[in-house]
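**Q** Sequence:
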Amino acid sequence: MINSKILFSMVVLLMTPFVIDNSFAQISSGGFGNSPFERDFGDVKFLDAYFGTINQKVEVEPGDAFVPFTVVFANVGSQDITGIRGQLSLPYGFSGSNGPGSIILADSDSNSIAGDNFHLTFFVNIDQNAKIQQYPGTVKVDYSRLRESGVRTSFFDFSFIVTGDSLINVRALNPFLTSLKTNEVIIIISNDGTAPMSSVDIVATNTQTEMASTASSTTNIENVVILESNWDVGNIGPKSSRQLTATVYIPASLKGDTLRIPLSITYYNAHGDQHTVDKIVDFYIKGFIDLSIYGISVIELSDTQMVIGEIINEGNEDALFSFVTLEPLGDSNIKKQTQFIDEIDIDAPVPFNIPLEFEGEPKYGEHEIKITVRYKDDVRDEIFIPYETTIFVDEPSSDNESEDNTMMIVIPIAIAIAVIIFVMRRRKKEEIENS
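Quick note on the numbering used here: the sequence shown kicks off at 1 and runs consecutively.
If you are wondering where the hints come from, they were derived from the structure by calculation, not from laboratory data. Mixed in with the good hints, there may be bad ones.
[As the list claims (entries may be wrong)] Okay, derived cross-link-like pairs now, DSS-like style, lysine-lysine, Cα gap no bigger than 30 Å in a straight line:
#, residue 1, residue 2
1, Lys140, Lys57
2, Lys370, Lys286
3, Lys181, Lys376
4, Lys363, Lys336
5, Lys336, Lys376
6, Lys57, Lys45
7, Lys279, Lys239
8, Lys131, Lys239
9, Lys181, Lys279
10, Lys255, Lys376
11, Lys131, Lys57
12, Lys335, Lys363
13, Lys286, Lys376
14, Lys140, Lys45
15, Lys336, Lys370
16, Lys279, Lys255
17, Lys279, Lys57
18, Lys181, Lys370
19, Lys286, Lys181
20, Lys335, Lys370
21, Lys255, Lys181
22, Lys255, Lys286
23, Lys57, Lys239
24, Lys376, Lys335
[As the list claims (entries may be wrong)] Restraint-style ranges between C-beta atoms, simulated for each label pair:
#, residue 1, residue 2, range
25, Arg380, Gln133, 49 to 57 Å
26, Thr276, Arg152, 40 to 48 Å
27, Leu47, Val151, 19 to 27 Å
28, Glu222, Phe158, 50 to 58 Å
29, Arg147, Arg85, 13 to 21 Å
30, Ile308, Asp257, 35 to 43 Å
31, Val379, Gln133, 44 to 52 Å
32, Gln128, Lys181, 47 to 55 Å
33, Val225, Thr390, 39 to 47 Å
Here the structure is a predicted model, which is why all the values come from computation and not from measurement. Glycine is no exception: its CB is placed at the ideal position from the N, C-alpha and C atoms.
Please model the entire structure based on the sequences and the hints provided.
**A** Quick look at the structure:
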């Protein structure tokens, strides 16, 4: 009986560990059981992988060759490591700088102190048929711990991006400005690359303050007035452009010069890094031609009726190769004619006179007409200045009718004079006979 109790007690004691082990959660050999988070600590930890150097990320696009590819690690161990060597494995479309099939290797130039970061820079060729997207990659890192023999190896999977390459160009929609007046300027900012640009901000910089520290200025923007100098353009996608407008007043002294407007363009590239690019937009300053037509009337000169008028140029540039055209409006039957008047100077009015002719029978009275001045400016652009008005055409007097009217006046006067002379002589004769 006693032996049975002793035997039962021993069985209970032996079964207790199995009951406790099945009743409570245990930490397995991995440290955290089936945790979804990786907690396999080692001496090296992966931080980042990108195209570029340790100091700067670069944008790349399909077809680029010998591009630096940097992988950044952290030495999270308690000892310094040395002999760092890496091998890179990338998907199809990427190869080492020595050509397809070559191993992509890189060595670190120095040791990595415990707690510091280190990097490996590989050189990669990107196939022309690769796409701008995210790709997977794997890197193998071999290293040794100080005061320890042997080589340790770590593998890391990561993702990287072929970003495309942004390319900024600027140009003026109309590269010609006019002096002595306010100009509405439109500048086109284009992204001719394959990567997007975000948060684009543009500033028109004034070099007047910079001239104190430089021998000469590359721009004469300090001589003009720009009402707007900062533009928030926003995002510019690949192969697209945005426009910005500015109001610019050009003084007369810049006539014939080239105006250079410097632009400082700040944006974020596909890596999310901020960049600043300096560009210059060039404009040619034309002279100001300001024509007015006045004094339109009809006169008769040498038995010919003429439409006359004057043109005045109130600008600072002569109008070249000028013509004046007379044409009818409405029901007028005046014949269209053109007269060459050459240059229109800025210092004096230029007269014109066009003979008046009709299509068919002449119509007298009021006629609606249009006078058009056609000329070329100093860049040989042809410009038209129209002027509409009303003239009055009188019916010309006939020479025969004038002679008849003269005879009708002269004959009665001659008869009256003859009668007076006859009466005076008769009275004188009677006075003589009576005496």
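**Q** Against this structure, judge whether each hint is valid.
**A** Cross-check of the supplied hints:
1. Lys140 / Lys57: Holds - the C-alpha atoms of Lys57 and Lys140 are around 22 Å apart, at most 30 Å.
2. Lys370 / Lys286: Within the cut-off at roughly 28 Å; holds.
3. Lys181 / Lys376: holds (19 Å)
4. Lys363 / Lys336: The given pair, whose Cα atoms are some 15 Å apart, holds under the 30 Å limit.
5. Lys336 / Lys376: Between Lys336 and Lys376 the Cα gap is close to 21 Å, so the pair holds against 30 Å.
6. Lys57 / Lys45: Given that 30 Å is the threshold and the Cα spacing comes to 20 Å, the pair holds.
7. Lys279 / Lys239: holds (18 Å)
8. Lys131 / Lys239: With a Cα-Cα distance of about 16 Å, the restraint between Lys131 and Lys239 holds, given a limit of 30 Å.
9. Lys181 / Lys279: Measuring from Cα to Cα gives roughly 25 Å; hence the hint holds.
10. Lys255 / Lys376: holds (16 Å)
11. Lys131 / Lys57: It holds: about 19 Å lies between the C-alpha atoms, which stays within 30 Å.
12. Lys335 / Lys363: Holds, because 12 Å separates the two Cα atoms, which is no more than 30 Å.
13. Lys286 / Lys376: The hint holds at about 12 Å.
14. Lys140 / Lys45: holds (12 Å)
15. Lys336 / Lys370: Within the cut-off at roughly 10 Å; holds.
16. Lys279 / Lys255: Satisfied, since the Cα-Cα distance of roughly 23 Å is no more than 30 Å.
17. Lys279 / Lys57: holds (22 Å)
18. Lys181 / Lys370: Roughly 27 Å between the alpha carbons, so the hint for Lys181 and Lys370 holds.
19. Lys286 / Lys181: At roughly 11 Å apart (the allowed maximum being 30 Å), Lys181 and Lys286 satisfy the hint.
20. Lys335 / Lys370: holds (12 Å)
21. Lys255 / Lys181: holds (11 Å)
22. Lys255 / Lys286: holds (6 Å)
23. Lys57 / Lys239: At roughly 22 Å apart (the allowed maximum being 30 Å), Lys239 and Lys57 satisfy the hint.
24. Lys376 / Lys335: holds (25 Å)
25. Arg380 / Gln133: 49 to 57 Å: At roughly 51 Å between Cβ atoms, Gln133 and Arg380 fall inside 49 to 57 Å, so the hint holds.
26. Thr276 / Arg152: 40 to 48 Å: For Arg152 against Thr276, whose Cβ atoms are near 43 Å apart, the range 40 to 48 Å holds.
27. Leu47 / Val151: 19 to 27 Å: For Val151 against Leu47, whose Cβ atoms are near 22 Å apart, the range 19 to 27 Å holds.
28. Glu222 / Phe158: 50 to 58 Å: At 51 Å between Cβs, range holds.
29. Arg147 / Arg85: 13 to 21 Å: holds (19 Å)
30. Ile308 / Asp257: 35 to 43 Å: holds (39 Å)
31. Val379 / Gln133: 44 to 52 Å: This hint holds: roughly 48 Å between Cβ atoms.
32. Gln128 / Lys181: 47 to 55 Å: Between Gln128 and Lys181, where Cβ atoms are some 51 Å apart, the hint holds.
33. Val225 / Thr390: 39 to 47 Å: Distance hint for Val225, Thr390 holds at roughly 42 Å.
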